[in-house]
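Need the complex rebuilt from these two chains, each delivered in its own frame; the hints are there to steer you.
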Amino acid sequence: MGEVVWTTLRLAGLTTALLLILATPIAWWLARRRAWWKEIVAAVTTLPIILPPSVLGFYLLIAIAPQSPLMTALHPFGVRTLAFTFQGLVIGSMVYSLPFAVQPIRNAFEAMGPRPMEVAATLRATPLDAFFTVALPLARRGFLTAAILVFAHTIGEFGVVLMIGGSIPGKTEVISVRIYQLVESLQYGEAHKLAAGVAAFSFLALLGLLLVDRRTDEAVR
Amino acid sequence: MSVSVTAGVGGQFCGTIGGFALDAEFSLAPSGVTALSGPSGSGKTTLLRCIAGLTRLPGSLHVGDEVWQDPARFLAPHRRAVGVVFQEASLLAHLSVRGNLTYGARRTPARAEVGFDDTVDLLGLAPLLTRSVANLSGGERQRVALGRALLSQPRLLLMDEPLSSLDAGAKAEILPYLDRLHRALAIPALYISHDAGEIARLADHVLYMREGRIVADPGEPRTVTLEGLDAASRDGLALAALRAGLRPLA
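Sequence lines, in order, name chains A and B. Here the first sequence is numbered in the numbering used here, starting from 1 and rising by one per residue. Here the second sequence is numbered in the numbering used here, starting from 222 and rising by one per residue.
Bound conformation, chain B alone (with noise of 0.2 Å):
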């Protein structure tokens, strides 16, 4: 099966990984986040490690107008314009701050969209910058786990649930970056999270993955309970509803 080369980013992998069996269909829109929502063990991570080329399944995949993969050719991760944030931070540890920002930044082709001042500024990175990794908060690591994939000038950025290793206080603390990221951001980006809350937020679009397949329907009540979540997630689930042509009642 061969995919349409078309604006946005558009894929199918069919496949098995360790025992998993893995049958997705997807497209995302040429900008704003796609949220990935689904059960834990659905195939979210799989899915994500396939389009960044660390998992290779048969499929195929394009982003704009570059094929990335299909029947005849796979590129290979480091060949592909993809940020990817990691649950966990995954920072290099022998690098500072700037030397983690910097990495992917001097090993792209010369035009630079994202600019190392701008992207410091969005995140608030300044303060952190002469900073060795190993001492960063959660929260911190996490921001510059970002910034770094921005800095590697992606057409396409990845994010497999970069807050649910944070507690309430950092979660907090890094989700009015990513709403400034969500506003500046000018290429598409899939968002992995099953917090509701979150994915209001700072989705555009939900995709949602049952057992290895995208599926249209939740197949679950989509209610949200406002109790426990912070002000900022309530606004945020209010901006969706009303997005999505809800009023509220009386």
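Same shape as in the complex, but just chain A (with noise of 0.2 Å):
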């Protein structure tokens, strides 16, 4: 049980790591451009909250088999597949909660308008200065936010973990998967422990960002 807990928890914190980092660039981009057609990539990175988990990993599991274009080329790297690996599935969660990354960060990043960065720029900070000494610390309560709701959320997947993950106790084996094999297997007293544990972090995690987003209004008023 606790290594199905330890895999749970190292796959929900290395997806919000990476996703977070991945999320900053595009997030920037879609607050700061014009251009009407942003919105087609803003879909793109949207589209996994509404497609099912099956959809998702069905496409995933495509594309990361060995005979996938993207996994063609990383043959020459020694790397064969990525289906059932602790890999596949980090890669997997990462577009799985893409939106929730992407979209908080993005707000924050709009609320902020262009006068800081002008600001800086006047202040003879370089764009890239300016970004990491100004947007990001006034951007620090999406990216809380964004950190709570990824974590969170990937603790909560099922379906795209159990396509893509095969479910191998010490690998790809995660909470939510284990228990709906206790309860297949009609294990409930195991089922229930692991079960009011995922509740009661999941309430926890959401008192959280209520809290953040008190704060924020606060320090808006």
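Everything labelled a hint here was simulated from the structure, so no lab data went into it. Glycine included, each C-beta is placed from N, C-alpha and C at the ideal position. Mixed in with the good hints there might be a few duds.
To be clear about the criterion: a stretch of chain B counts as covered by chain A if any three or more of its residues have a C-beta under 8 Å from a C-beta of chain A, and this derived list gives those stretches [said to hold, decoys possible]:
id, stretch
1, 287-300
2, 362-374
3, 380-391
Cβ-to-Cβ under 8 Å is the rule here; a few derived chain B residues that face chain A [claimed, not checked]:
id, residue
4, Val303
5, Val305
6, Gln308
7, Ala314
8, Arg328
9, Thr329
Following this line, the structure appears as structure tokens:
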């Protein structure tokens, strides 16, 4: 049981860290561009919210299977497939939770408006300098919201991990899938422990999120 | 068209942005405050943004012997030694007053002509230094914005109606500081305002803008009503009138 919890936390932590890095430039670009077609990119990054996890899992499985173009390109580096591996699970989780990272960060960048970056420029900060010393600190609550959402959402994912992970103990078996298997085999006692843990964790994550929002409101006032 | 490189500031911008046509040629003396006045929508802020490099329109601009823009080059705003005070103070909310004041100072080439202590002194900022910018009054915010701009060691200071968002009390509080700044300032400054009292009190020269152009004649009677002006503005007006060679009647 410890093993499955550890795998789940490791997956959620790694997904959160990598996704925040990946989502930041996307969110920045979406917040600063004015062209209408940027919304196409926005729609693509938001798609995982409404796609059934089985659809997403199916396409991801095809993408990381040995004969896919993506994996063929990686063959020279000794990578044959990412299906049923922990790395594959991290990639799948990142795609699945992408909107939960991009949206809050984009909102935070948009709420900031163009003025702080202009101020920084007139104070001799290069655009990159201004990004790290002005935009990131001003958007920090957006990042905190994104981190909480992505972490909790990854803990809660089921369909995608089931399809591309294969539930291999110690490698790709996570809490949500284990609960399903425990219930299937009528081990309700064990299932209760894990399910109650996830429910309690989810409650705390949401509470944390609401408290962050509250502090934001107070800061604005 | 090219602008001869001389002392002072000179430039011209000609172009359209968001449906607004700007066609302005101007020059500023090497020091002193030049007021830029004109009805709202006449392009004052657009011209200021072009000078700062925040808006890019075809044209040319030199500040002293430095060319900031000509047909072949456009210096990015962060490479221009320009201090800007916006209409709203636009302080960086994640930094303290001190953090705001030193943000630009830390990014300027070594030699500091405007000292931190002198600036804090000039603008009476000492009691504010450790405060968060969130709970400053409007007047305090603009003083910090002004100090922040000065400490970035500008060769040109641009102020976009810095008092227009303040109530009468806050204006009265900040005007003496602007007087002191005016006397201490060794660089040219462009001060956008359409408040005749403010202009008379703070400006050495006046430029008028109308429909995107700098015009010689404001095209409206330049009478100023003394009713409703505070004592300091009235004194400023009287002083400006004397400087302009007018003598009081009888």
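Taking the numbered hints from earlier one at a time, note which ones the structure violates and give those numbers from smallest to largest.
3, 6
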